[in-house]
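Trainee: Given next are the chains, with one letter for each unit.
Number of protein chains: 2
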Amino acid sequence: MHRTHTCGELTAIYIGQEVTLSGWVANRRDHGGIIFIDLRDRYGITQMVFDPQDNESAWKIADTFRSEYVVKLTGKVRHRPEGQTNKNLITGEIEIITLHAEILAESKTPPFEISDHTTANEEIRFKHRYLDLRRAKVLENVKFRAIMNHFTRNWFTDKGFTEVQTPIFTVSSPEGARDFLIPSRLHNGKFYALPQAPQQYKQLLMVGGIDKYFQIAPCFRDEDPRADRHSCEFYQIDCEMSFVEQEDIFEVAESFVKDLIAGISPEKHIRENKVYRFTHKEAKNLYGSDKPDIRFDLHFEDFTSDFRNSGFSVFQGAVAAGGVVKAMKLENVAMSRSEIDAITGVAQDNGAKGLAYIIYEAEGPRSPILKFFSEAEMKALEEKLAPKAGDMIFFGAGEYALVTKVLGAVRLALRDKYNLADQNELAFAWITDFPIFERKDDGTIDFEHNPFSMPHGGAAAFDNPEPTEIYGMQYDLACNGYEILSGSIRNHDLKALVKAFKMVGKGEEEVKEKFGAMYNAFQYGVPPHGGFAFGFDRLLMILKNEDNIREVYAFPKSGKAEDVMMNAPNYIDDAQLKELGIEVRGE
Amino acid sequence: MHRTHTCGELTAIYIGQEVTLSGWVANRRDHGGIIFIDLRDRYGITQMVFDPQDNESAWKIADTFRSEYVVKLTGKVRHRPEGQTNKNLITGEIEIITLHAEILAESKTPPFEISDHTTANEEIRFKHRYLDLRRAKVLENVKFRAIMNHFTRNWFTDKGFTEVQTPIFTVSSPEGARDFLIPSRLHNGKFYALPQAPQQYKQLLMVGGIDKYFQIAPCFRDEDPRADRHSCEFYQIDCEMSFVEQEDIFEVAESFVKDLIAGISPEKHIRENKVYRFTHKEAKNLYGSDKPDIRFDLHFEDFTSDFRNSGFSVFQGAVAAGGVVKAMKLENVAMSRSEIDAITGVAQDNGAKGLAYIIYEAEGPRSPILKFFSEAEMKALEEKLAPKAGDMIFFGAGEYALVTKVLGAVRLALRDKYNLADQNELAFAWITDFPIFERKDDGTIDFEHNPFSMPHGGAAAFDNPEPTEIYGMQYDLACNGYEILSGSIRNHDLKALVKAFKMVGKGEEEVKEKFGAMYNAFQYGVPPHGGFAFGFDRLLMILKNEDNIREVYAFPKSGKAEDVMMNAPNYIDDAQLKELGIEVRGE
Numbered sequence: 018m019h020r021t022h023t024c025g026e027l028t029a030i031y032i033g034q035e036v037t038l039s040g041w042v043a044n045r046r047d048h049g050g051i052i053f054i055d056l057r058d059r060y061g062i063t064q065m066v067f068d069p070q071d072n073e074s075a076w077k078i079a080d081t082f083r084s085e086y087v088v089k090l091t092g093k094v095r096h097r098p099e100g101q102t103n104k105n106l107i108t109g110e111i112e113i114i115t116l117h118a119e120i121l122a123e124s125k126t127p128p129f130e131i132s133d134h135t136t137a138n139e140e141i142r143f144k145h146r147y148l149d150l151r152r153a154k155v156l157e158n159v160k161f162r163a164i165m166n167h168f169t170r171n172w173f174t175d176k177g178f179t180e181v182q183t184p185i186f187t188v189s190s191p192e193g194a195r196d197f198l199i200p201s202r203l204h205n206g207k208f209y210a211l212p213q214a215p216q217q218y219k220q221l222l223m224v225g226g227i228d229k230y231f232q233i234a235p236c237f238r239d240e241d242p243r244a245d246r247h248s249c250e251f252y253q254i255d256c257e258m259s260f261v262e263q264e265d266i267f268e269v270a271e272s273f274v275k276d277l278i279a280g281i282s283p284e285k286h287i288r289e290n291k292v293y294r295f296t297h298k299e300a301k302n303l304y305g306s307d308k309p310d311i312r313f314d315l316h317f318e319d320f321t322s323d324f325r326n327s328g329f330s331v332f333q334g335a336v337a338a339g340g341v342v343k344a345m346k347l348e349n350v351a352m353s354r355s356e357i358d359a360i361t362g363v364a365q366d367n368g369a370k371g372l373a374y375i376i377y378e379a380e381g382p383r384s385p386i387l388k389f390f391s392e393a394e395m396k397a398l399e400e401k402l403a404p405k406a407g408d409m410i411f412f413g414a415g416e417y418a419l420v421t422k423v424l425g426a427v428r429l430a431l432r433d434k435y436n437l438a439d440q441n442e443l444a445f446a447w448i449t450d451f452p453i454f455e456r457k458d459d460g461t462i463d464f465e466h467n468p469f470s471m472p473h474g475g476a477a478a479f480d481n482p483e484p485t486e487i488y489g490m491q492y493d494l495a496c497n498g499y500e501i502l503s504g505s506i507r508n509h510d511l512k513a514l515v516k517a518f519k520m521v522g523k524g525e526e527e528v529k530e531k532f533g534a535m536y537n538a539f540q541y542g543v544p545p546h547g548g549f550a551f552g553f554d555r556l557l558m559i560l561k562n563e564d565n566i567r568e569v570y571a572f573p574k575s576g577k578a579e580d581v582m583m584n585a586p587n588y589i590d591d592a593q594l595k596e597l598g599i600e601v602r603g604e
Numbered sequence: 018m019h020r021t022h023t024c025g026e027l028t029a030i031y032i033g034q035e036v037t038l039s040g041w042v043a044n045r046r047d048h049g050g051i052i053f054i055d056l057r058d059r060y061g062i063t064q065m066v067f068d069p070q071d072n073e074s075a076w077k078i079a080d081t082f083r084s085e086y087v088v089k090l091t092g093k094v095r096h097r098p099e100g101q102t103n104k105n106l107i108t109g110e111i112e113i114i115t116l117h118a119e120i121l122a123e124s125k126t127p128p129f130e131i132s133d134h135t136t137a138n139e140e141i142r143f144k145h146r147y148l149d150l151r152r153a154k155v156l157e158n159v160k161f162r163a164i165m166n167h168f169t170r171n172w173f174t175d176k177g178f179t180e181v182q183t184p185i186f187t188v189s190s191p192e193g194a195r196d197f198l199i200p201s202r203l204h205n206g207k208f209y210a211l212p213q214a215p216q217q218y219k220q221l222l223m224v225g226g227i228d229k230y231f232q233i234a235p236c237f238r239d240e241d242p243r244a245d246r247h248s249c250e251f252y253q254i255d256c257e258m259s260f261v262e263q264e265d266i267f268e269v270a271e272s273f274v275k276d277l278i279a280g281i282s283p284e285k286h287i288r289e290n291k292v293y294r295f296t297h298k299e300a301k302n303l304y305g306s307d308k309p310d311i312r313f314d315l316h317f318e319d320f321t322s323d324f325r326n327s328g329f330s331v332f333q334g335a336v337a338a339g340g341v342v343k344a345m346k347l348e349n350v351a352m353s354r355s356e357i358d359a360i361t362g363v364a365q366d367n368g369a370k371g372l373a374y375i376i377y378e379a380e381g382p383r384s385p386i387l388k389f390f391s392e393a394e395m396k397a398l399e400e401k402l403a404p405k406a407g408d409m410i411f412f413g414a415g416e417y418a419l420v421t422k423v424l425g426a427v428r429l430a431l432r433d434k435y436n437l438a439d440q441n442e443l444a445f446a447w448i449t450d451f452p453i454f455e456r457k458d459d460g461t462i463d464f465e466h467n468p469f470s471m472p473h474g475g476a477a478a479f480d481n482p483e484p485t486e487i488y489g490m491q492y493d494l495a496c497n498g499y500e501i502l503s504g505s506i507r508n509h510d511l512k513a514l515v516k517a518f519k520m521v522g523k524g525e526e527e528v529k530e531k532f533g534a535m536y537n538a539f540q541y542g543v544p545p546h547g548g549f550a551f552g553f554d555r556l557l558m559i560l561k562n563e564d565n566i567r568e569v570y571a572f573p574k575s576g577k578a579e580d581v582m583m584n585a586p587n588y589i590d591d592a593q594l595k596e597l598g599i600e601v602r603g604e
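Chains as they are written, first to last, in the numbering used here: chain A, 18 to 604; chain B, 18 to 604.
I should point out that these hints are in silico values taken from the structure, not numbers from a laboratory. Accuracy of the hints is not assured; some may be wrong.
Note that the list lumps identical chains together, so a pair holds whenever it fits in one copy or between two copies.
[Stated by the list, open to error] Calculated pairs, PhoX-like style, for lysine-lysine (alpha carbon to alpha carbon, straight line, at most 20 Å): (1) K531 to K207; (2) K77 to K396; (3) K207 to K577; (4) K154 to K275; (5) K176 to K160; (6) K595 to K207; (7) K396 to K176; (8) K291 to K308; (9) K422 to K298.
The model shown is predicted, which means the values in this text are computed figures rather than measured ones.
Model the full assembly from the supplied sequences, consistent with the hints where possible.
Mentor: Structure representation (structure tokens):
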């Protein structure tokens, strides 16, 4: 037997008992010939004492211990001496006077300090992830992930959803991001694809009558990694329901996040304990984002008509060219010249020429552009933004898409600079009525999101001569500036679906060929249905205040989509490739 | 709103209420101008009545209903007429007199009958799996799978195991079955591999101090499909523990299966409510299998020494050549000539020249070979097998491997022919002490299973000059003739691990290169550890009495590793392959 107890459970009630513990040597101190070891396992830390007076052979063995050795120690539990108890530890009242010691495994000196204060960079930590996992912060994320998995599955199961594991080996889907492919050995020349999401399968489950489906589904997209997108693989809480309308779906998703946060992140609170709602257009208008962070105000007001005939040629010109003028008010901040330059840099990085502003001081407003403004224009600012001494107003003028993008970026930069958002607040907002189609630069029409959404107004909406004005029963849930959920009521009318594809230049034959299973299935009694998918990892990242999604995986891929510990991806023997009927392309 | 209730919940207490139901038209009957519809959803069936006297427009719409139409019906709940109630249905006491009818989606005539009595073959069922899922039996398997997933995860979580999702994108592992590969776009010429099992990751989690890990892990092996092996992907209940010995692991696995069966398959019982134990050698000796079905006896007795000098030259010759003579007794069966021929055919299919037997009749034993047997030989048979009138004895003679294989196959054929095994009985047996190495036909030594097992006797065991006599702390759990679990205490001693690899002709450099992460990790304090993996799908297949593992997946692959519904695998655009840096090999 390797242990009678773990390193995280012995308290004063065990005093006098003989126990055996196994774990890692986390810390060693010598005091007057007595050796103290902090013995660590995932449950905690226990102080082991080696006194040559008590047992010389155990003391001699302990004298050879180094950091991260795995050792097995037997001894008697006793109260720590007066003044040496540690209230922060469960085991802080006791120590073990060790009578028998054994080294189970030695350790070389670790390449970085096993502590939350390590200065090691990501690459060295990920290369030795098995050591990184011994750090409390990393372990905490691994444990929290398990708790969130557990909570999620039990919640959906309790609500009558059936978990279905959909296939990981499927077919390349012509829409969306890039697929990962797997060459087939039994069918040389053909390839499986990994699912970007179980979208088609979950809709087919609805056709199959499963009624309420969920899965914490592994998803695979060959996209370039970024801070909130793990490369290769990620997980989503995938859900689909039959015989529902949009409000039914909102109700499920809202109760889930509320219960989840109360259940596993009680230190967090939901802003006003509600979920806000904006149409896609409102969100863009107010915050310049389809995933606004609404933990703080700093919304945009529109001044397009106010500056139509402005003496300030930049604004007047923008409006004359069909653009907009927007402004937002930052309260109670005195920015220095260099701070203004820095924030102007953010605007410029996002495509603006500059960043117009007014500073409201006790003596009145101050700005290089003030001299161009009429009294009516100043009054419009007063009315819509009510600036007070100490506030600032920032302007954007030009094309709608550019202005909202620039001010949106400035808004987030101000948030980060002035800590406008509460770390422990979660502000949820439904973003609804996404446009189904977008007009691309070359003038052609394409799907903005996935092609399977029902438009507002039903199938008849597709008769609208202006496709970009057709809005879908399609929604995202935004939280603190992240998109954490996406979904829609599906277009279950095959004729309407074919019509939608026709609008992006795809004929019925192409739909039949590319979405054959859905095309067939929808002819055999398809119920109205809809659903959503939460980004599991992204939600977890928010709940654990992590800035990088890589921190929420036990074994993350690097920023270059590599597993530096396992050395994946790697070269493959030609014989293996030959069996798969493929070869690596030459230069 | 599409429904106020489901089709499986209305009982007499709802009588008089107005309700709205949505579902599929499962059945339609016309009686004297009144239309009766069975409305089906996943929760049940409700009888809907359309009487032109009550509501003519609803009746007219119902008259257009065909099988599998999706319809929305509003009406009043009433008691069924005297004599027409159905005790087998939850809703069997009531019916709905329909006042409003709406078709939500039409259906073409399904390509096969949506019933448990369908005669459709697997291909047509799988091609239209969305229709197949509407059959009660298929739905039941999907629901049961969800229940088993749920039970399993909660059980391991309650027992203190931490669920960890290990990477699906990893590196090709040089041992075991064939890997599936994924070409990398960002690193052209390199490939990811899908994990055959999370073996290395779970061991690295132990090095990382996770202590108790589990996961219902998707696993991927490029093997040819068979009845108990799903192609492409399957799931295992994967588990690993630190600071444990073999008995600790047995205890966990045994409690799990006992609790699982009591919890989700109460109609099944465990033979003697215990788990039997055999060494690998015992199992081979007794049943000719390393996954014996022990729901019935029919074990082998050894007669090698008894027939050493036999007058029956076949037996004598077998022993002289270093082989064995074994026999088993089938009780209480009178086999006809043609039945004996059939069972002899099984022996021949497995490599035997014939199948010697004795029939014990009321008048005494009868057999073509009896005339060669001495009195002592007959006595040996009496002593070890105690045959009675009505019994039969079957013999195998020759090389050990052949005899055990042949008699093992005959044993299972007799089980199937005479229903020797109880369908509702589960007979579990640990098979222990697997040989670590095997001698291949060319005389070289290779690993019999995975290379990471600790041998009995510890690292010193590798000093044995005869590698095939080194036995591992390696175990399978057999159930009803299937291997449902495999595992081992791991070899956590890097020096011993290197030694093991050396025995199969692989130097330390090769270990370092091929198992770099483990080679590195084991130098930084590795705890003693071990674990197991249950074949989730195979266990489910046994619990649901399915002969083919494909039946336990929502969307199965065919026997040719294809998803015939999605048409996977499929050809890929050359542009897509180009981006991945690969091409399909020419002829």
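Trainee: When Cα atoms must be at most 20 Å apart, do K77 and K396 count as within-copy, between-copy, both, or neither?
Mentor: neither (84 Å within a copy, 66 Å between copies)
Trainee: What label fits K154 with K275 when the C-alpha limit is 20 Å: within, between, both, or neither?
Mentor: neither (25 Å within a copy, 36 Å between copies)
Trainee: Have a look at K291 and K308 and pick one of within, between, both or neither, based on CA distance no larger than 20 Å.
Mentor: Answer is within; shortest intra-copy Cα gap is 16 Å, inter-copy 57 Å.
Trainee: What label fits K531 with K207 when the C-alpha limit is 20 Å: within, between, both, or neither?
Mentor: Close inside one copy (15 Å), not across copies (29 Å); limit 20 Å.
Trainee: Using 20 Å as the alpha-carbon threshold, which applies to K176 and K160: within, between, both, or neither?
Mentor: Between copies only: 14 Å across, 24 Å inside.
Trainee: Give the relationship of K422 and K298 under a CA distance limit of 20 Å: within one copy only, between copies only, both, or neither.
Mentor: within (13 Å within a copy, 72 Å between copies)
Trainee: Using 20 Å as the alpha carbon limit, work out where K207 and K577 are close: within a copy, between copies, both or neither.
Mentor: Intra 28 Å, inter 13 Å, cutoff 20 Å: inter-copy only.
Trainee: Checking K396 and K176: alpha-carbon separation at most 20 Å within a copy, between copies, both or neither?
Mentor: neither (54 Å within a copy, 68 Å between copies)
Trainee: Evaluate K595 and K207 at a C-alpha cut-off of 20 Å and name the case that applies: within, between, both or neither.
Mentor: both (14 Å within a copy, 15 Å between copies)
Consistency with the previously given hints fails for numbers 2, 4, 7, ordered from lowest to highest.
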